[in-house]
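Each chain, written out:
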Amino acid sequence: MSFNAKIKAEILKTLIEVTSPLVSEVKLNIGKDGISLRAVDPAHVAMVDLQLNKEAFEEYQADEMELGIDIDRLNAIMRLSSTGDIVSLEYDEKNNRLIVKVGNLTRKMALIDTAGMPDPKMPTLDLPGKVILKASEITKGVKASESISDHLALIVTDDAFEVFAEGDTDIVNLKLPKDSLVELESDGKYKSLFSIDYLNNMIKPLKGDIPITIKVGNDNPTRVEFDIAESKGHVIYLLAPRIESE
Amino acid sequence: MSFNAKIKAEILKTLIEVTSPLVSEVKLNIGKDGISLRAVDPAHVAMVDLQLNKEAFEEYQADEMELGIDIDRLNAIMRLSSTGDIVSLEYDEKNNRLIVKVGNLTRKMALIDTAGMPDPKMPTLDLPGKVILKASEITKGVKASESISDHLALIVTDDAFEVFAEGDTDIVNLKLPKDSLVELESDGKYKSLFSIDYLNNMIKPLKGDIPITIKVGNDNPTRVEFDIAESKGHVIYLLAPRIESE
Amino acid sequence: MSFNAKIKAEILKTLIEVTSPLVSEVKLNIGKDGISLRAVDPAHVAMVDLQLNKEAFEEYQADEMELGIDIDRLNAIMRLSSTGDIVSLEYDEKNNRLIVKVGNLTRKMALIDTAGMPDPKMPTLDLPGKVILKASEITKGVKASESISDHLALIVTDDAFEVFAEGDTDIVNLKLPKDSLVELESDGKYKSLFSIDYLNNMIKPLKGDIPITIKVGNDNPTRVEFDIAESKGHVIYLLAPRIESE
Numbered sequence: 001m002s003f004n005a006k007i008k009a010e011i012l013k014t015l016i017e018v019t020s021p022l023v024s025e026v027k028l029n030i031g032k033d034g035i036s037l038r039a040v041d042p043a044h045v046a047m048v049d050l051q052l053n054k055e056a057f058e059e060y061q062a063d064e065m066e067l068g069i070d071i072d073r074l075n076a077i078m079r080l081s082s083t084g085d086i087v088s089l090e091y092d093e094k095n096n097r098l099i100v101k102v103g104n105l106t107r108k109m110a111l112i113d114t115a116g117m118p119d120p121k122m123p124t125l126d127l128p129g130k131v132i133l134k135a136s137e138i139t140k141g142v143k144a145s146e147s148i149s150d151h152l153a154l155i156v157t158d159d160a161f162e163v164f165a166e167g168d169t170d171i172v173n174l175k176l177p178k179d180s181l182v183e184l185e186s187d188g189k190y191k192s193l194f195s196i197d198y199l200n201n202m203i204k205p206l207k208g209d210i211p212i213t214i215k216v217g218n219d220n221p222t223r224v225e226f227d228i229a230e231s232k233g234h235v236i237y238l239l240a241p242r243i244e245s246e
Numbered sequence: 001m002s003f004n005a006k007i008k009a010e011i012l013k014t015l016i017e018v019t020s021p022l023v024s025e026v027k028l029n030i031g032k033d034g035i036s037l038r039a040v041d042p043a044h045v046a047m048v049d050l051q052l053n054k055e056a057f058e059e060y061q062a063d064e065m066e067l068g069i070d071i072d073r074l075n076a077i078m079r080l081s082s083t084g085d086i087v088s089l090e091y092d093e094k095n096n097r098l099i100v101k102v103g104n105l106t107r108k109m110a111l112i113d114t115a116g117m118p119d120p121k122m123p124t125l126d127l128p129g130k131v132i133l134k135a136s137e138i139t140k141g142v143k144a145s146e147s148i149s150d151h152l153a154l155i156v157t158d159d160a161f162e163v164f165a166e167g168d169t170d171i172v173n174l175k176l177p178k179d180s181l182v183e184l185e186s187d188g189k190y191k192s193l194f195s196i197d198y199l200n201n202m203i204k205p206l207k208g209d210i211p212i213t214i215k216v217g218n219d220n221p222t223r224v225e226f227d228i229a230e231s232k233g234h235v236i237y238l239l240a241p242r243i244e245s246e
Numbered sequence: 001m002s003f004n005a006k007i008k009a010e011i012l013k014t015l016i017e018v019t020s021p022l023v024s025e026v027k028l029n030i031g032k033d034g035i036s037l038r039a040v041d042p043a044h045v046a047m048v049d050l051q052l053n054k055e056a057f058e059e060y061q062a063d064e065m066e067l068g069i070d071i072d073r074l075n076a077i078m079r080l081s082s083t084g085d086i087v088s089l090e091y092d093e094k095n096n097r098l099i100v101k102v103g104n105l106t107r108k109m110a111l112i113d114t115a116g117m118p119d120p121k122m123p124t125l126d127l128p129g130k131v132i133l134k135a136s137e138i139t140k141g142v143k144a145s146e147s148i149s150d151h152l153a154l155i156v157t158d159d160a161f162e163v164f165a166e167g168d169t170d171i172v173n174l175k176l177p178k179d180s181l182v183e184l185e186s187d188g189k190y191k192s193l194f195s196i197d198y199l200n201n202m203i204k205p206l207k208g209d210i211p212i213t214i215k216v217g218n219d220n221p222t223r224v225e226f227d228i229a230e231s232k233g234h235v236i237y238l239l240a241p242r243i244e245s246e
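Protein chains in written order, with our numbering: chain A, 1 to 246; chain B, 1 to 246; chain C, 1 to 246.
The set of hints was computed from the structure by calculation and includes no laboratory data. Given the structure is predicted, the values throughout are model-derived calculations rather than measurements. A couple of the hints might just be wrong.
[Claimed, not checked] Computed from the model, here is a short list of chain C residues facing chain A with C-beta under 8 Å:
| # | residue |
| --- | --- |
| 1 | Gly103 |
| 2 | Lys143 |
| 3 | Ala144 |
| 4 | Ser147 |
| 5 | His151 |
| 6 | Ile155 |
| 7 | Asp170 |
| 8 | Ile171 |
| 9 | Val172 |
| 10 | Asn173 |
| 11 | Lys175 |
| 12 | Lys178 |
| 13 | Leu206 |
Yeah, the Cβ is synthetic: ideal placement off N, Cα and C, and Gly gets one too.
Kindly generate the complete structure, drawing on both the sequences and the hints.
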């Protein structure tokens with residue numbers, strides 16, 4: 001069983017940023033055509049699914065296998081890498097370790113037994129409201145809402161996308177009409193409520209103006225998707241709704 | 001009763017920086033020619049008076065009225081604005097709210113009842129020592145003093161401005177001779193002691209090399225003034241003296 | 001007894017950065033040709049020796065004397081200086097103070113009685129493994145190790161320099177082969193263990209790519225040296241080994 005790959009440091013850091021808010025350990029599914037992971041947070045509120053095609057790597061050679069990764073350990077060495085560094089990953093079957101090399105620096109990282117690790121299924125969702133917008137917009141809406149409430153509504157209508165939060169005295173509203181969105185597809189009004197803490201975790205890895213896709217239904221989960229690694233990788237984030245108490 | 005205005009984000013942020021160290025709530029006096037505020041800290045040691053002419057605004061239309069503002073709430077949305085953003089302010093009389101818009105983001109902010117809010121009078125002061133200097137100079141003098149004492153003296157003589165602090169063992173002294181000042185007017189030596197904590201609050205909104213005017217008497221308050229909003233606004237800061245214990 | 005000198009702010013800051021992790025008070029030995037200091041931390045694990053030739057100063061005039069410096073006090077005024085500022089130092093014999101001036105700012109700093117202050121001797125050490133490398137390399141090795149252990153090994157062989165740390169599950173290794181070092185001199189393998197806390201203090205003042213010399217023996221202290229002040233000054237850092245418990 002072998003796994004030998006080289007990848008740009010910033011792509012591996014994105015994998016860490018996407019996964020670490022939800023879980024401390026993750027199972028990497030290594031395949032012939034790339035790697036993938038799927039993780040659910042302990043409270044079962046959010047799921048992240050990440051794919052990295054082998055084209056996202058500088059070099060890639062792998063048998064099919066699972067690697068149990070402690071994300072803090074991987075992050076400890078990745079924090080010492082710089083943009084432009086190439087990171088080498090090698091499976092050491094004998095010692096059950098992943099050997100991570102950045103330049104002259106090596107970390108031989110113990111792997112975690114994947115036997116007990118979950119294999120979450122991606123639920124099938126019917127989410128009829130869909131928008132594509134710049135990441136910075138949703139970031140601004142979440143940040144503005146967190147000062148007045150612990151939850152907010154994502155709303156897609158036939159002519160706009162809205163973030164809406166209501167506190168004891170104040171209201172925050174981000175309204176993006178159709179012409180300030182990259183794309184909008186909706187035959188009506190769809191609205192669900194979400195935890196701002198979870199949305200804050202979700203927006204952490206989002207950089208500047210990358211386009212992200214948000215799908216919304218009525219009192220249903222939201223599905224947020226964006227490309228990584230120059231479109232040679234993809235992230236799907238699912239977040240369960242909060243049920244309106246009124 | 002209507003109030004509708006547009007203003008550069010950085011000017012509104014200056015208003016927050018000047019006011020927030022002293023009070024958490026402030027009454028804005030809205031007039032036909034601009035807005036003003038006057039606030040005194042709970043210990044009655046410092047007073048700030050701020051004027052913004054209607055020329056400081058991009059658009060301005062107002063009846064005379066008072067708006068009670070919670071500064072933290074205003075700051076929460078202003079923190080999400082960028083330099084160059086234009087902020088729209090609109091009084092919603094029906095709901096007693098101020099509607100603050102930055103781009104596509106809206107905060108409908110509950111107003112505070114101004115009935116109980118103080119209307120401090122600006123005391124008439126005879127402060128015969130006057131200097132104009134770069135803001136960065138007074139900032140340096142206060143920062144150097146805070147490591148040895150909790151109070152310092154501001155001193156104006158006929159040929160220099162000085163900041164003087166004395167600790168148990170050490171002395172800090174900033175001496176600016178007349179030729180390194182923008183202006184000096186004094187017929188003798190004037191000296192008063194002030195709390196460094198309060199001075200630290202006062203210097204927070206001071207940026208780089210803007211000229212500030214400082215007036216000093218003997219054991220009297222100091223009056224510090226500077227322009228904001230490209231001279232279309234003005235701040236006066238009064239600070240009561242500490243009485244020398246010797 | 002007189003001491004009058006002018007020096008670039010950044011050189012005086014380096015003196016503070018080198019010394020402050022080990023001691024809070026230090027004796028400066030003032031001589032006709034420059035100043036020096038030698039300090040040992042309270043646990044007697046690390047020693048620092050610093051020399052500044054009079055050529056490192058803009059102006060220098062001194063009788064031989066000792067000055068007891070409280071490093072926090074010196075740092076308080078130096079923090080307000082900028083790169084390029086010239087700092088003036090003057091001994092005030094009458095008041096037993098050091099008068100430190102940065103621009104218009106003066107701190108008259110009480111001196112500490114040097115009578116009780118130690119005069120540590122530099123031990124003679126036979127350390128046959130010697131390498132010269134870029135400061136950033138050792139910094140990276142120490143930072144990578146601190147996530148898995150509280151100590152690491154420095155190893156010099158006849159063809160490489162290595163940093164090696166072993167935790168409960170993981171191994172960190174920085175290996176610099178001869179051709180990626182500035183210089184290597186060793187007739188065999190030399191290895192000693194050191195505390196990562198102390199190494200972290202040692203690397204703090206190291207900037208970017210300056211060359212540093214590291215000497216290693218077997219279970220012996222390490223000696224780390226580097227130039228400061230454009231080679232008109234020099235720092236020697238000695239660190240006692242930790243004894244391997246196996």
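Taking the hints in turn, this is what the structure says about them:
{"no.": "1", "hint": "Gly103", "verdict": "violated, 37 Å"}
{"no.": "2", "hint": "Lys143", "verdict": "holds, 6 Å"}
{"no.": "3", "hint": "Ala144", "verdict": "holds, 5 Å"}
{"no.": "4", "hint": "Ser147", "verdict": "holds, 4 Å"}
{"no.": "5", "hint": "His151", "verdict": "violated, 17 Å"}
{"no.": "6", "hint": "Ile155", "verdict": "violated, 13 Å"}
{"no.": "7", "hint": "Asp170", "verdict": "holds, 5 Å"}
{"no.": "8", "hint": "Ile171", "verdict": "holds, 4 Å"}
{"no.": "9", "hint": "Val172", "verdict": "holds, 5 Å"}
{"no.": "10", "hint": "Asn173", "verdict": "holds, 4 Å"}
{"no.": "11", "hint": "Lys175", "verdict": "holds, 6 Å"}
{"no.": "12", "hint": "Lys178", "verdict": "violated, 12 Å"}
{"no.": "13", "hint": "Leu206", "verdict": "violated, 15 Å"}
In the structure shown, a violation is registered for the earlier hints numbered 1, 5, 6, 12, 13, in ascending order.
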